[in-house]
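Build out the structure end to end from the sequences listed, making use of the hints.
Protein chains in written order, with my numbering: chain F, 1 to 263; chain V, 1001 to 1317.
Source of the hints: derived by calculation from the structure; they are not laboratory data. Warning: the hint list may mix true and false statements.
[What the hints assert, rightly or not] Computed spacing ranges between beta-carbons, pair by pair: (1) F:D237 with V:G1187: 26 to 36 Å; (2) V:A1171 with F:L171: 32 to 42 Å; (3) V:D1195 with F:L171: 21 to 31 Å; (4) F:E239 with V:T1257: 20 to 30 Å; (5) F:D237 with V:E1172: 42 to 52 Å; (6) F:E258 with V:E1172: 49 to 59 Å; (7) F:R195 with V:T1257: 24 to 34 Å; (8) F:D93 with V:R1013: 37 to 47 Å.
[What the hints assert, rightly or not] Residues from chain V that face chain F, not an exhaustive set, calculated with beta carbons under 8 Å: (9) Q1029; (10) G1136; (11) D1239; (12) L1243.
[Claimed, not checked] Below, in silico cross-link-like pairs of lysine-lysine (DSBU-like), each with a Cα-Cα straight-line distance of 30 Å or less: (13) V:K1277 with F:K203; (14) V:K1277 with F:K251; (15) V:K1245 with F:K48; (16) F:K259 with V:K1245.
Just so you know, even glycine gets a beta-carbon here, dropped at the ideal spot from N, CA and C.
Now for the letters of each chain:
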Amino acid sequence: MKVLVTVKEVAEVADDFEIEGTEVDERYLEYDLNEWDDYAVEEAVQLKEDGPADEVVTVTIGPERSEETIRMALAKGADRAVRVWDDALEDVDLLDVETKTNLLKAVVEEEDPDLVLTGVQSGDDTFGATGVSLADEIGFQWGAVVNALDFDADEGVAHVHRELEGGVEELTDIDVPAVLTIQTGINEPRYASLRGIRQAQSKEIAPKSLDDIGLDADAIESDLTLTSMYEPESESDAEIFEGDASETAGKLAEVLREKGVAE
Amino acid sequence: MSPDVLAVAEHRRGELRDVSYELLTAGRQLADATGGDLHVAVIGGDTESFAEELDREGVDAIHTVSEGEEFNHDVYVQAVEALHGELDPQVVLMPNSVNGLDYAPAVANRLDLPLATDAVDFEYDDGLTVTREMYGSKVETTVEVGGDQYAVTIRGAEWPGAEGVGDADVAEFDADIDTDTGSTVTGFEEVGGGDVDISEADFIVSIGRGIEEEDNLPLIEDLVEATDATLASSRPIVDSGWLPKNRQVGQSGKVVTPDVYLAIGISGAVQHVAGMKGSDTIIAVNTDPNAPIFDIADYGIVGDLFDVVPELIEEFE
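Next comes the structure, spelled out in structure tokens:
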């Protein structure tokens, strides 16, 4: 069985930052592997270690810079990587779900996986929609917000738990081929070992242009346009305690005593 | 195309969820702007009684689809697709809930509609503009949605729930649904339970990512012991396996309403806030003065928990 994992490099914004137009100024951004995708990669690698999967391939939509992040996934045990990028994507502020679906569909058609794992969402634009949209587009079954996976290779069924709100989980059986969107906490993502990092250097990252995957510029015409970005207005009317740690802790203690919860 | 809005209600285990009523308010807001009617779909379960409850002020029509007891994404996608074909509405509104995430993207894809998820606000003026957050709520954005028909999911608790008794036309809709699908819901499971019920606590000390590593947990446990508090946490602490699931406060954890909620090193992501905003008094300790937790806190300390907590322990020892 082949598992394809979508891996995204996301930008994280520093505590203090400035906005330039419709972007956070580059100086305040740090790039990292999307948290949810980290769990998806781990789940895929465990499927390989446990038997059902023969190969784990990652796919990323991202510029050359994202190869550093892709290497992280390779160091954790993915076998090889595909990276889709095109100059035409440089100027797109916000890749909408449809565009990502189109790009990933083309890769799925080429790779022909049995199972696709994605993170539930990405930490930057948080659409939370690409996995399910992709599943529908390629005619796979799917399950969103999966926080437990028991894969039955003989039956070709993924027994999953979907984490609903309020401490309730839904138990669902999903036929493969399928796309599962993976929630954090499903496993404990490993750290990349030194050996893994070394091995990752020689693993293949295949760059693909739109042309390479048989698409033209129409496929990346986004329906969504970012028109403004701003810091949300603080609605805070909190009383902030001033002073050093001992003074602020003293005032906090006073409140706790006043409220009668601590003595 | 009609200028109408179609809102899809959500229910679980025999009850409509709050977001259903919020969808009615958001849907009415949009329908007023587009100059159309507000249609509501309710799919599966006891549709008759759900329709009665959903008949609130501002709702023009309710379409019931009797298929299955609980949510199934294949059924929902087919039902919404069929209703869309019938009504041809300008906007389909769905919840940005876990189940919303499980069918709304497929609806948008199948109907070839642009999709804007997790809307916290929107405006319509000859075109749709949606307000969303990015980078873990650090920035807010406005997004213009192209085309003339849209799919939008709304964040819970951003719109008030619709009230008042309505006068909607209620009708059964025959969606001709293929139930031979590739996914089957086999049951539900409550998680948590365990030794402590944090939803019963009067005083909660709750920790988040700011604690940095598991080795720092004893510091917080000392505070909990010194103040006779109950220990809880945000999601990352549970994901890391440092505390059991029954300690998690938030959308996917427990909802708590203590007299005092002391949030230490918690930034206040919307999913966390959903679980604790009903606390009488909220106190936050965080190094980032812009952390969203301060927006809902009554008292705050902008500072390093590793400086503040030892001092606080001393106060109570």
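Structure-based check of all given hints:
{"no.": "1", "hint": "F:D237 with V:G1187: 26 to 36 Å", "verdict": "violated, 45 Å"}
{"no.": "2", "hint": "V:A1171 with F:L171: 32 to 42 Å", "verdict": "holds, 34 Å"}
{"no.": "3", "hint": "V:D1195 with F:L171: 21 to 31 Å", "verdict": "holds, 24 Å"}
{"no.": "4", "hint": "F:E239 with V:T1257: 20 to 30 Å", "verdict": "holds, 21 Å"}
{"no.": "5", "hint": "F:D237 with V:E1172: 42 to 52 Å", "verdict": "holds, 49 Å"}
{"no.": "6", "hint": "F:E258 with V:E1172: 49 to 59 Å", "verdict": "holds, 58 Å"}
{"no.": "7", "hint": "F:R195 with V:T1257: 24 to 34 Å", "verdict": "violated, 50 Å"}
{"no.": "8", "hint": "F:D93 with V:R1013: 37 to 47 Å", "verdict": "holds, 41 Å"}
{"no.": "9", "hint": "Q1029", "verdict": "violated, 20 Å"}
{"no.": "10", "hint": "G1136", "verdict": "holds, 6 Å"}
{"no.": "11", "hint": "D1239", "verdict": "holds, 4 Å"}
{"no.": "12", "hint": "L1243", "verdict": "violated, 12 Å"}
{"no.": "13", "hint": "V:K1277 with F:K203", "verdict": "violated, 48 Å"}
{"no.": "14", "hint": "V:K1277 with F:K251", "verdict": "holds, 22 Å"}
{"no.": "15", "hint": "V:K1245 with F:K48", "verdict": "holds, 27 Å"}
{"no.": "16", "hint": "F:K259 with V:K1245", "verdict": "holds, 28 Å"}
Hint check: violations occur at hints 1, 7, 9, 12 and 13; the rest are consistent with the structure.
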